[in-house]
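Protein sequence lines correspond, in order, to chains A and B. The working numbering puts the first residue of the first sequence at 36, with every later residue one more than the last. The working numbering puts the first residue of the second sequence at 36, with every later residue one more than the last.
What the hints contain is simulated information worked out from the structure, not anything from laboratory work. Treat the hints loosely; a few may be bogus.
Which copy is meant is left open, so a pair is good if it fits within one copy or across any two.
Lysine-lysine pairs mimicking DSS-like chemistry, simulated, CA-CA at most 30 Å apart [to be verified]: (1) Lys97 <-> Lys789; (2) Lys900 <-> Lys931; (3) Lys776 <-> Lys100; (4) Lys98 <-> Lys789; (5) Lys930 <-> Lys367; (6) Lys171 <-> Lys98; (7) Lys846 <-> Lys647; (8) Lys926 <-> Lys846.
There are 2 protein chains.
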Amino acid sequence: MTTQKDAKKWVYAFGDGAAEGDAGMKNLLGGKGANLAEMSSLGLPVPPGFTLTTEVCTAYYKKQKAYPKPLQAQVEAALADLEAKAGKSFGDANNPLLVSVRSGGRASMPGMMDTVLNLGLNADTVAGLAARSGDKRFAYDSYRRFIQMYSSVVLGLDHDVFEEILDDYKDDQGYELDTELNADDWQEIAKRFLAQVDEELGKPFPTDPKDQLWGAIGAVFDSWMNNRAITYRQLHDIPQSWGTAVNVQAMVFGNMGDTSATGVAFTRNPSTGEKAIYGEFLINAQGEDVVAGIRTPQVLTKASREAMGETSLSLEEIMPDIFGQLARTFQKLEDHYRDMQDIEFTVEESRLWMLQTRAGKRTAAASFRIAVEMAGEGMISRDEAVLRVDPAALDQLLHPALDDTSNCPLIASGLPASPGAAIGQVVFDADEAVSLANAGTDVILVRIETSPDDIHGMHAANGIVTARGGMTSHAAVVARGMGRPCVSGAGSIKINYKDGSFTANGMSIRKGDVITIDGAKGNVFKGAGTMTQPQMSGDFAVLMGWADKARRMQVRTNADTPDDVKTALRFGAQGIGLCRTEHMFFDEERIAAVREMILASNATQRIAALDKILPMQRDDFVEIFMLMEGKPVTIRLLDPPLHEFLPHAREDVEAVAKATGLGVDALMARASELAESNPMLGHRGCRLGITYPEIYEMQARAIFEAAAIAQKQSGVAPKVEVMIPLAATGEELAYLKERIKDVASQVSEAAGQKVKYAYGAMIELPRAALRANELAQYAEFFSFGTNDLTQTTFGLSRDDASSFLNTYLAKGMMDQDPFVSLDQDGVGELVRMGVTRGRAGRANVKLGICGEHGGDPASIAFCEKTGLDYVSCSPYRVPIARLAAAQATLKRAAKKKQKKKKITNK
Amino acid sequence: MTTQKDAKKWVYAFGDGAAEGDAGMKNLLGGKGANLAEMSSLGLPVPPGFTLTTEVCTAYYKKQKAYPKPLQAQVEAALADLEAKAGKSFGDANNPLLVSVRSGGRASMPGMMDTVLNLGLNADTVAGLAARSGDKRFAYDSYRRFIQMYSSVVLGLDHDVFEEILDDYKDDQGYELDTELNADDWQEIAKRFLAQVDEELGKPFPTDPKDQLWGAIGAVFDSWMNNRAITYRQLHDIPQSWGTAVNVQAMVFGNMGDTSATGVAFTRNPSTGEKAIYGEFLINAQGEDVVAGIRTPQVLTKASREAMGETSLSLEEIMPDIFGQLARTFQKLEDHYRDMQDIEFTVEESRLWMLQTRAGKRTAAASFRIAVEMAGEGMISRDEAVLRVDPAALDQLLHPALDDTSNCPLIASGLPASPGAAIGQVVFDADEAVSLANAGTDVILVRIETSPDDIHGMHAANGIVTARGGMTSHAAVVARGMGRPCVSGAGSIKINYKDGSFTANGMSIRKGDVITIDGAKGNVFKGAGTMTQPQMSGDFAVLMGWADKARRMQVRTNADTPDDVKTALRFGAQGIGLCRTEHMFFDEERIAAVREMILASNATQRIAALDKILPMQRDDFVEIFMLMEGKPVTIRLLDPPLHEFLPHAREDVEAVAKATGLGVDALMARASELAESNPMLGHRGCRLGITYPEIYEMQARAIFEAAAIAQKQSGVAPKVEVMIPLAATGEELAYLKERIKDVASQVSEAAGQKVKYAYGAMIELPRAALRANELAQYAEFFSFGTNDLTQTTFGLSRDDASSFLNTYLAKGMMDQDPFVSLDQDGVGELVRMGVTRGRAGRANVKLGICGEHGGDPASIAFCEKTGLDYVSCSPYRVPIARLAAAQATLKRAAKKKQKKKKITNK
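Just chain A, same shape as in the assembly:
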């Protein structure tokens, strides 16, 4: 192909065993385009075509939807080249070129964006296609499909109008199934479709294939900003700025009769990871038919057919030659890409065409098995294996699985579309799923089938059930991606949306009834089953072992109770990074004494109440120290405003008034005295310890006495770290350090053994980060409390942010919720400053993070880069953090190596 001299290249061609792009150009060509080019270069049978780059999309939106000037000429040239390769021409009635126009971004967004197939058909070319293929029915069926798809995607007409025309026609003719329609019927349908377009738009359907092409290209670029795509990007953290590429490719037809077929496949089982070809196909169908879940497809291999007890034959049995070619191609692709592939193919009159390959999505369990086995096969190294598992996906492995359902009658069985178990109330509508979930209700979304419009509801639900669709249906693919358990194609379920109920196996389930689903087996039960703890053995254990070897940072946990501590230890926590003492105060037995302490009108009364709390706090700490067996335990002294501990409801107030002997009025007066305009910025954290020193003294005493007891009982000295919350100045730390030191001396003397502890500060205010040098004069360790640091740096109350943060995300004004993934530019800079300045103040200051970001892989990578010593996260996220930290170490090492290489090469 020729391009204008000196002009930027906006279009890349592929096909015929060669390509202008390659798999490394994903950012420019999108995943689909880059891989089509790569497959083409590998000599695989890829229908020729060309890719409009993602930069076209970016330019298009920058210029209020105008294309870069040179684009038209480049597309014309690429089209001419394509015609030459295909040996067909656009609009040639004798030998018409038909093309597909598809989106393809850097990241896969299945089903989110628009596609047009069979483009190039008109009254002339459809006749040519009929003549050339010798199959008039196929030609007109393709034509009516094209009209319908183009009208909906490009012209903005309602899809259903065409369905109605078809249904009316079928009724008139007494047909039941589409297969009953013959060539003339389809010709008639196409005619009616065209008339409908003319009527609705007041102008005819475009007949010039080039007009059709530009219309389709524009529509695909436009679909980058449709609501579904925007939502999907938000859910999957895909920046808007990436844009999509557009692929124009010669059509091949899987619907040219019984020697044609179309299918999707995974080179290994994406659900379990087993090394076996896994996939589905349909004879005489176009690709969309498989994914849409309208017809239930057949499986590829004989072995899986037999395992499933299916009777419809496998591809291996029906087209053994093609299957052989496919199997060899799969191996070639896996060897080439060194990863499990997700593949689309079409067989056109016994000739195999490859339409797509990409790294296949997989469940967390499968990702472990595949990574471990590929390392075993020598295909990848152990470090690469560690890098292959998405830490975020681990979440689904770490939550309980279904254990006992003996009290739960089986309602229905379907396909094990996405593993894991879920319990929840039945809901039939995506919006309703969202609002119930927001209100804290666990829900299971039950649908006949799902569509991209249901995405938000699927995300909100604990699990998904569909009556129709295969293992690669929309519901299955999306549920696996989200880590939601899913049972698909549970055909016995009859849903009545109007009623708000479904029936199956003689049972009727209404909206709001509780069901239990087992996504690993494909079962749906009535009522709530019981759950079991996840097993962390096998491939999981092997790979986590490799990860732990690779990892530089320690992983600790945020744990307040012995139960939390046990879970975290089981998940491999190496210490407690944040033990919040206030949660211990809410226990029913204790809250009375806590309230007595708060309501005290002087220090003497306050101390009397604190004396009651002391032994309870001490017991808490003894238990935690014993469990931790000498691993570090960071205990944060009381943090929340005292107001939080007071009763708010009238009846609670009365009960407390009675219990404390205070009048209701006095109590209310004290409560309103303690109420604050902005409690987040109020009398909390170390400010409490400074105004009421006796509170922190009691806590310090409980900690130190517990340490002495635990040491005596176990012989192991607990590694105690006392952490001061919400410090803003060195003076605060200096003041409290003295008081705590005094308590430690007293306890040491009484216990007859020296209590050892480290003294440190939570860095959660901008000022603390800015003044880290000064704070490090007093603190032996820092723990970055990035939740509060995000709140103060942004001036953003987490509790109040929902009213506008969603607008920000929707308008693309923020790529990510900064409470989920650390804002590296702003908050991150304060962390970096805190690290640099903290080390300047005390060279060996120990540095960690204990905000919820400590369990977020992107934030963990930031912590690695920043040089923190450890991350701390909630118990269930410990394995995620272990893996993410290992990956961060490995990626950093790789980058350094690359840099070194560059320097050496110079």
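Using the hints, position chain B against chain A.
For chain B alone, coordinates are given in the frame of chain A:
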């Protein structure tokens, strides 16, 4: 004197025309010690003595009240040296050395700390003193005074016990006045005092003068941390870390009969600034008698006696020689120090002794006159004159003065102790004054006389009246220092504390009754007079002119209403740095439409309500633009959370429900929907403009239409600056910039003239400062909103901080309230970053500050150093800011010069 080799010098001697220190060593020797040394070196008659440095104090508190080891030896040596100079010896019964022990810090803290006089007396030495002076009465009077003072200050006994013994004795003897007691009486009193001490302490009063001395030194150091001193330091921003020095000085006696006297004087009138000796003395008295206000003193000069219509003769008339010496000394000191001096002197048997000199405190008016006149006399330069006026003191000049009191009967007249007028409710107790003032009530504190225990009440009161005491009484000195109007020595007032009332001139005034005082004339009126605007002419205008010439930064004002704007312009504002649009919304006519807007359930309803507000906002802006005549006007778009505009009281809710046609329940529901946990960090600022774009669009339209109208009416184009509040990201600014640009285009088109404006951001979040480079891509100016920036940087809600900030200040954990004076280390660093990064992003970005710090001199100096283009403050603080900014420029230039000099000298 000799000191140990290699040991640090803790003690500095002075006297006999020489000294080890000088006036430049204030930080080390305290103000009093440094000036005693300086006067000594000048050859003035100063009783010999020595100073324990402020470093002793600092060391003393660092070491849990232990002295540095070498101190004792150094004091002994200095004492020996002092004995030699005085020709007297400690404990020598024939010729005893007596000393005073006084505190003396870097900054004056009048009356806050403890003093012991006549130290060295015991049974032996008192007899010697009697013999040597030939005045037994004087000797035993001094002795009993010493016992009483030492017992109270050093031994911690109650002062009143001694007063009771004296009163009982007088009753027994039938005496009325102290002067009726003869030598034997005082001897008996001293005996009884000693017995009382023995009884209370269970051990005798110390007789060894050296024991007495160490006791007194310790007591003075201890008094650095008494509550009065701590409060005073907080009020006057004196850091705790400075510590106090202790001065030990040979006693001279103003109470040795009628040829002895003691007095205080100012070299110019501290109230008006007039160049005339001003002061008071008492014959046969000790210094404390003048200050304590127990006897009413006589004036120094004949001229002032005659002007006041006094009959008691002046010093000039009674002791013309001494007066002559004094006058020459005053001139010498003023010439030497180049400033008005505040002097203490004593005449002992016709011999003049200088006990203290320091720069004299003065009213704001006096400071202007003195500075301008000294510049006129050639004593100082104009720039020095500008540096001589304390900008903070200006406050009292800028508030209204008393105008008409025709409806207010005169209750009493006293001394014009501190100028200015005040109106308020009578209160007799300092604590009550504080609590009433905190509740927002204007109060006048009325006392027989004031003591250091009343400081907090004086600070809280709008004005002070005392029945006793002269122009240099405690009440007068403190009130002038604080800028509180004060009438002292209004002798006709008879106060009954128990009753809570006073009578004078036949009128009875009860607690809570309103009175008006005129501190400039010394009058007290019943009821509330009317006030007049301050005149800014004469010396004020001259000096402000010099200041404006010296000043680099512009001074703008924070003004929301035309009234504010007028005041600010009168005070010399060069622009509006912050016009808060929300205050315009609270007007009774408008709030209904505002509420309608808030309660709208969709954009259409909201726009309809906004359309009602638009013309009102436009009118506001037209008026302001017309007043500003082309000076810059920075308008901040809506900032507070919408919840603030909704009614809260039940009856208001009902009224609004009726007016808006919404049900009460719907209204309450919407209000609770809008309520936030932390409104400071919530849905406010530009977040409102982004979620409800129509609000900012309305405001932008009102601004631009107003600009067009004002330009048409006046021919002058307003200089409009549209400011976005609470921005945290560049995206926010980018988004709003586009919308506002669109509105400007529309208005320009409709008005037929191009609306010009600058677009900028308020930098009030840490993230905004950190990302200033990015924000400057969109913003043409930044205004640092240091109120909110302080809140977020410290994580400190201004509304909630009082519950602990006072503890911090009291414990010395914070030197200053960061909302009053900018925290330069923390918040200041973010401002510096914002400046550097903002300029990196846009070289000519205009930079200002509009937090309340913009009116605080220390913060203004910081702004100068940081290179801001302007400061903006409330209208009444504009002159303060003008002066402070000028001083900052001058000081910086001086520093640069000094640096250059240093470099040149190298």
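Using 30 Å as the alpha carbon limit, work out where lysine 171 and lysine 98 are close: within a copy, between copies, both or neither.
Intra 44 Å, inter 104 Å, cutoff 30 Å: neither.
For the identical chains here, do lysine 98 and lysine 789 meet the 30 Å Cα criterion within one copy, between copies, both, or neither?
The answer is between: 25 Å across copies meets 30 Å, while 71 Å in one copy does not.
Within, between, both or neither, where lysine 926 and lysine 846 count as close if Cα-Cα is 30 Å or less:
This pair counts as neither: shortest intra-copy Cα distance 32 Å, inter-copy 50 Å.
Is it within, between, both or neither when you check lysine 900 against lysine 931 at 30 Å Cα-Cα?
For lysine 900 and lysine 931, only the intra-copy Cα distance (12 Å) is at most 30 Å; the inter-copy one is 42 Å.
Up to 30 Å between alpha-carbons, please classify lysine 930 paired with lysine 367: within, between, both or neither.
within (29 Å within a copy, 76 Å between copies)
For lysine 97 vs lysine 789, is the C-alpha pair at or below 30 Å within one copy, between two copies, both, or neither?
between (68 Å within a copy, 26 Å between copies)
If the cutoff is 30 Å on CA atoms, where do lysine 846 and lysine 647 land: within, between, both or neither? Let me know, please.
Answer is between: at 28 Å across copies they meet the 30 Å cutoff, but 53 Å inside does not.
Within, between, both or neither, where lysine 776 and lysine 100 count as close if Cα-Cα is 30 Å or less
between (67 Å within a copy, 20 Å between copies)
The structure shown violates the earlier hints numbered 6 and 8.
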